[in-house]
Amino acid sequence: MENLLSLAADNLVSPIILSFVLGLTAALARSDLTIPEAIAKAMSIYLLFAIGFKGGVSVAAHGIDATLGLSLIAGVILSALLPLVAFGLLRVLTNLDHVNAGAVAAHYGSISIVTFVAGTSVLESQGLMYEGYMVAVAAAMEAPAILSALWLISRGGGARRMDSDLWREIALNGSIVLLVGSFAIGWITGEDGLAEISSFVVAPFKGVLCLFLLDMGIVAGRGLRAGRGLITMGLLGFGVLMPLIGAGAGLVAALLLGLSTGGAVLLMVLGASASYIAVPAAMRVAVPEANPSIYLTLSLGVTFPFNLALGLPIYVSVARAVTGG
Amino acid sequence: MENLLSLAADNLVSPIILSFVLGLTAALARSDLTIPEAIAKAMSIYLLFAIGFKGGVSVAAHGIDATLGLSLIAGVILSALLPLVAFGLLRVLTNLDHVNAGAVAAHYGSISIVTFVAGTSVLESQGLMYEGYMVAVAAAMEAPAILSALWLISRGGGARRMDSDLWREIALNGSIVLLVGSFAIGWITGEDGLAEISSFVVAPFKGVLCLFLLDMGIVAGRGLRAGRGLITMGLLGFGVLMPLIGAGAGLVAALLLGLSTGGAVLLMVLGASASYIAVPAAMRVAVPEANPSIYLTLSLGVTFPFNLALGLPIYVSVARAVTGG
Amino acid sequence: MENLLSLAADNLVSPIILSFVLGLTAALARSDLTIPEAIAKAMSIYLLFAIGFKGGVSVAAHGIDATLGLSLIAGVILSALLPLVAFGLLRVLTNLDHVNAGAVAAHYGSISIVTFVAGTSVLESQGLMYEGYMVAVAAAMEAPAILSALWLISRGGGARRMDSDLWREIALNGSIVLLVGSFAIGWITGEDGLAEISSFVVAPFKGVLCLFLLDMGIVAGRGLRAGRGLITMGLLGFGVLMPLIGAGAGLVAALLLGLSTGGAVLLMVLGASASYIAVPAAMRVAVPEANPSIYLTLSLGVTFPFNLALGLPIYVSVARAVTGG
Amino acid sequence: MQTHDAKRVEITIEAIVKSRLTDALVDQGVTGFTILPVLGGSGRSGEWSRSGQVSRASGMVQVICIIRPDRLDGLLSAILPVLDRHIGVVSVTDCQVLRAERF
Amino acid sequence: MQTHDAKRVEITIEAIVKSRLTDALVDQGVTGFTILPVLGGSGRSGEWSRSGQVSRASGMVQVICIIRPDRLDGLLSAILPVLDRHIGVVSVTDCQVLRAERF
Amino acid sequence: MQTHDAKRVEITIEAIVKSRLTDALVDQGVTGFTILPVLGGSGRSGEWSRSGQVSRASGMVQVICIIRPDRLDGLLSAILPVLDRHIGVVSVTDCQVLRAERF
Ligand SMILES: Nc1ncnc2c1ncn2[C@@H]1O[C@H](COP(=O)(O)O)[C@@H](O)[C@H]1O
Ligand SMILES: Nc1ncnc2c1ncn2[C@@H]1O[C@H](COP(=O)(O)O)[C@@H](O)[C@H]1O
Ligand SMILES: Nc1ncnc2c1ncn2[C@@H]1O[C@H](COP(=O)(O)O)[C@@H](O)[C@H]1O
Ligand code: NA
Ligand code: NA
Ligand code: NA
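Chains as they are written, first to last, in this note's numbering: chain A, 1 to 325; chain B, 1 to 325; chain C, 1 to 325; chain D, 1 to 103; chain E, 1 to 103; chain F, 1 to 103.
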């Protein structure tokens, strides 16, 4: 417990978290501080490329163990099932209609790669190892949640349009392609490849993450200001409870798979985090009736900061206690 | 004197200055070399974040001494008084009306953070230390000049509109928020924080500064071409004289405060430099009648290159001679 | 031969090539992965600045030898003559009219700086030295091809408009100015300058190159999809044959000049590569009737990947065999 | 100067369905259009701005389509299914064009 | 296709007073508008271009506002105070819109 | 509100000849115009998009020019030589402006 508190305190004074706080504060105070759209996209491309590449290199270095395939399958299952839990919870805690509830549920089954990245940072500062292929698990968890949420929504009436555009949106969206592609590049080129570009993908990584979180703070703050009226106590409760449930599910899966402590933390983070890039785009295409302010504010304004500030230290402490790592 | 000349020569052959010269030359020769707006903004965000953060870390490392508070107050006073001097000088040397003279004066009371950054580069290459909190002094000097210039203008007739938008523009403009915010982050996270992101905020810093100065050279060159007709001998004289006066005032303040040699140089630089980001924006809101070509050309096309090429070595030499550093 | 194969294999598994392949694949699969225009421009500015600067520093370090001037002249001659060869070859292999054939020919006389950069990467990984002024030769080869192609086109009827805009477009286009300017900065500031900014221009260089090639892959892939119908077998043959001819001409020139093995490789690469930045822009101004899809698809979609994947190892092997390096 | 009557259709629509919209245009035989970026806006679904956004979920574009008057109805019917499901605005203006044979 | 008369107001104005302008619009009950980025331009105060600028002092945006004809006068009077002090241009065009109930 | 008749000319043209076009405008005495960025488009020469492009060879801009009706013919003749050689589209719309003395 003491451990958890000191970890939480340590976590809160990292430049990464404080950058998010700065952005959030600036936006809530209505400062005109903004990051140009092209730069925000560039930083997200950089982070995806770097995290994918490093994951691939780590797999090349440590070899594939039997659990890789099983972990991917576990990720897919988690991603597909968590929306059902989220949907049920939303129907209990809030009065969202089934379309909006389904759209929100899709976000919580899927994952936030930035939360994942922040998790790896914490692990590194704690000296905890993790399986390199967790990046591939993250990629695998992006899409299944979308399909199961669309199924939930269509059950409630009104057939969803699953045309080829939507399939392409889901399967070939830029962030998945980049993450999987750079993972493959890292795997193929291995340690030699890393040596060539490590002063690009490793050295400045945390600094870029700071600026990216500054931007996320700004966007979240603007969203919270605009969505003030939308976020009821029920939604707020959901936004804090659901990540804990997702983390719990991730922990169970990790124990069944026999992952390392670090790997368990990351699977908890993946379960706990909610998408704010890929899923919102898919929902605009497939379920335009759903209100984007609800799912964006919830995912970016509530769950993301919760995971960043409190979730991460909790997941690390619990995983350590349970796995004895 | 010899020392000054060799310093000036050294200064002129740095990649930073030459990058500015390259941009200036390209624009004057009407090359189509341009830096996209989003990239220029990103570089300025990077520079503000890095300089603020490093300043904060340095305060965390060396502790606050009694002069911090006094230096902030001195900065505010300098920023508030210099516009009065500038205004008087403009009325003597030029025939600008009181609105345009007031708008120009606001720029010279405020500061240019890029000139400040170039100053810290010179100090580092000379091995001179400086107080980390000078960054906070820079931030404190951004705004007071605006208020005193608006007072000057309103004295001349026509009440200025000081509505809430303008207050927010002045107090919460992005560059101040970012500078102060990253200073706070640096202060809180200290050397540990720096260790985490130094390969982002320290290592590539000078290189980014080169590209940023390339862009400033381009913008200044385009401004000079467009503003050819506007810059009279009187204005030119003002653009060179005023920084010397501002540096003198900064030196006096530094001696009274008992700053280190490096700190004295930086306070001179702050006094000498003219804003080209925050103040122009505030003037467009508060004094739209003033002609932006005049103040932008003067600040960016005359005073900025003067400080960069000649001012910096002069200020270093004088500060060394006076403080014996 | 064995050597060539292993070199080719090594080359193919570098992160640089694989990033291009990733971009190409994503675009062909119609993924929405894109790099914002401003970021693509910024990366190209960074690469030009870094490569020019490093070339200049290397000249400052090793001094100018007599062959510098001769190499520049050789480059100009190569650039001026290769379009004639290309034009003839196009008239034999394809049924392009003389306007389109001339426009394509201009691209092959000129050079691709990214191919050049990829060439220097291969040389470095092979431990081969090269003359630093090859960057200046690259700059000298950008423009002459345009003039000789315009002469070819005007011979076929319809006077070309060589007005001052076009001259400026050719002589002062941003990439030449930046390359020559940063070369000069590197030359003037020398090793000292490099020490100041090497963690910007050297350390992250290859990583940025990866992302830039990712973008080039995307653009090439989109071009290939759009230009499917345009690329006949004849054009394809030209796109592969012409770089070999250009490389041959480069090799002969290198032997006459007595360049090092690495220098010979780079002159081969310059001969072999086809412009895709400067020349397309000049052609739009001077020969708007020519179809940009033809020359862009050929240069970016056929010759660039050919050089990257197969050309480079071939040129290195041949140059080693011939110069005994 | 000889000019001809035409219609200028300006469609402000979510960026994410841009290709759905242009596909509908092309299906209808409308192959000429220009796409402008949109910085931000406000409507019944609130205010939004482009800066800092990473997701493609928010963000709109403006598609401009100049056509011969007699093709207007076909165009509007073709795009209506896309517009019906997604937020967006359409305006049609009378205009004059040079070189009518291009439209 | 059933269309309705409307007015398309296009206001090119300094970016820095954008929120002042949109506040004036919202105060007047006009909550629908679209904002386009502007790359550069030229007018009585000379030529300017966006590239490389860091300061928000230069730079303009174009605010497009489609409204029912009877609301035009109110809108114009609401924005005039902002326009009077700042450089900028306004044009009003007759247009046709689908789904008039939205305006 | 007192408004005046004017013409709104919108020229979509290759970015690379932008300065050629604006020089032609200025020569003709037309010193007021606004330039909008263009993201992409489609026409007889196919579809294109701005993203990822480095070369200035592709890419278009939209030049908007509001003028007094009697100056339209002069303007069109002035820009025709540029338009003739380069791809692009021109539309002219009737509009109303405030403060006619500025145009
Ligand atoms: N009256 C209007 N005039 C101009 N643009 C509008 C108008 N109404 C809506 N828009 C644009 O369409 C988007 C979506 O509108 P809405 O569907 O009403 O939320 C807004 O963000 C604006 O960009
Ligand atoms: N006649 C015009 N047509 C289109 N845009 C104009 C016109 N006049 C001015 N503008 C735009 O308004 C800005 C300011 O104009 P001005 O106040 O005349 O300097 C210019 O930079 C242009 O972007
Ligand atoms: N009918 C049209 N409506 C709007 N824009 C068009 C139209 N035709 C062409 N354009 C624009 O002009 C560019 C060149 O057209 P084109 O010369 O037909 O290839 C296209 O890429 C579009 O941006
Ligand atoms: Na999740
Ligand atoms: Na000052
Ligand atoms: Na060549």
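Heads up, a few of these hints could be off.
[Stated by the list, open to error] Under 10 Å between C-beta atoms, here's a sample of chain B residues computed to sit facing chain E: (1) Asp163; (2) Ala195; (3) Ser199; (4) Phe212; (5) Ile218; (6) Val219; (7) Pro280; (8) Asn291.
[What the hints assert, rightly or not] Negatives, chain A to chain B, calculated, CB over 12 Å: (9) Val13; (10) Ile16; (11) Ala26; (12) Glu37; (13) Ala60; (14) Gly63; (15) Thr67; (16) Ala80; (17) Val85; (18) Arg91; (19) Leu194.
No wet-lab data here; the hints were simulated from the structure.
Cβ coordinates follow ideal geometry from the N, Cα and C atoms, glycine included.
Outcome of the hint check:
The beta carbon of Asp163 (chain B) comes within 9 Å of a beta carbon in chain E, closer than 10 Å, and the hint placing it at the interface holds. Among the interface hints, the one on Ala195 (chain B) is violated; its C-beta lies about 30 Å from the nearest C-beta in chain E, farther than the 10 Å criterion. Interface restraint check for Ser199 (chain B): the shortest CB-CB distance to chain E comes to about 25 Å, outside 10 Å, so the restraint is violated. Checking Phe212 (chain B) against chain E: minimum C-beta separation of about 9 Å stays under 10 Å; hint holds.
Hint status for Ile218 (chain B): holds, given a least beta-carbon distance of 5 Å to chain E, under 10 Å. About 5 Å separates the beta-carbon of Val219 (chain B) from the nearest beta-carbon of chain E, less than 10 Å, and the hint is met. Because the beta carbon of Pro280 (chain B) sits about 3 Å from the nearest beta carbon in chain E, less than 10 Å, this interface hint is met. Annotation: Asn291 (chain B) was flagged as interfacial toward chain E, and the flag holds, the nearest CB pair being 8 Å apart, inside 10 Å.
Not every CB of chain B is more than 12 Å from the CB of Val13 (chain A) (nearest about 6 Å), against its label as outside the interface. Residue-level check failed: Ile16 (chain A) sits 8 Å from the nearest beta carbon of chain B, not beyond 12 Å. Residue placement check: Ala26 (chain A) does not keep its beta carbon more than 12 Å from all beta carbons of chain B (closest about 5 Å). Not every CB of chain B lies more than 12 Å from the CB of Glu37 (chain A), the least distance being 7 Å, so the non-interface label is violated.
For Ala60 (chain A), the requirement that its beta carbon stay farther than 12 Å from each beta carbon of chain B is met, with the minimum near 24 Å. Distance check for Gly63 (chain A) against chain B: the nearest CB is about 29 Å away, which clears 12 Å, and the non-interface claim stands. With a least beta-carbon separation of about 31 Å from chain B, Thr67 (chain A) lies farther than 12 Å from that chain, consistent with its non-interface assignment. Against chain B, the non-interface label of Ala80 (chain A) holds: every CB pair exceeds 12 Å, the least being about 36 Å.
For Val85 (chain A), the non-interface assignment is confirmed: its Cβ lies about 36 Å from the closest Cβ of chain B, beyond the 12 Å cut-off. With 12 Å as the threshold on Cβ separation, the claim that Arg91 (chain A) sits away from chain B holds: the shortest Cβ distance comes to roughly 41 Å. Chain B leaves Leu194 (chain A) outside its interface by the beta-carbon criterion, the shortest separation being 15 Å against a cut-off of 12 Å.
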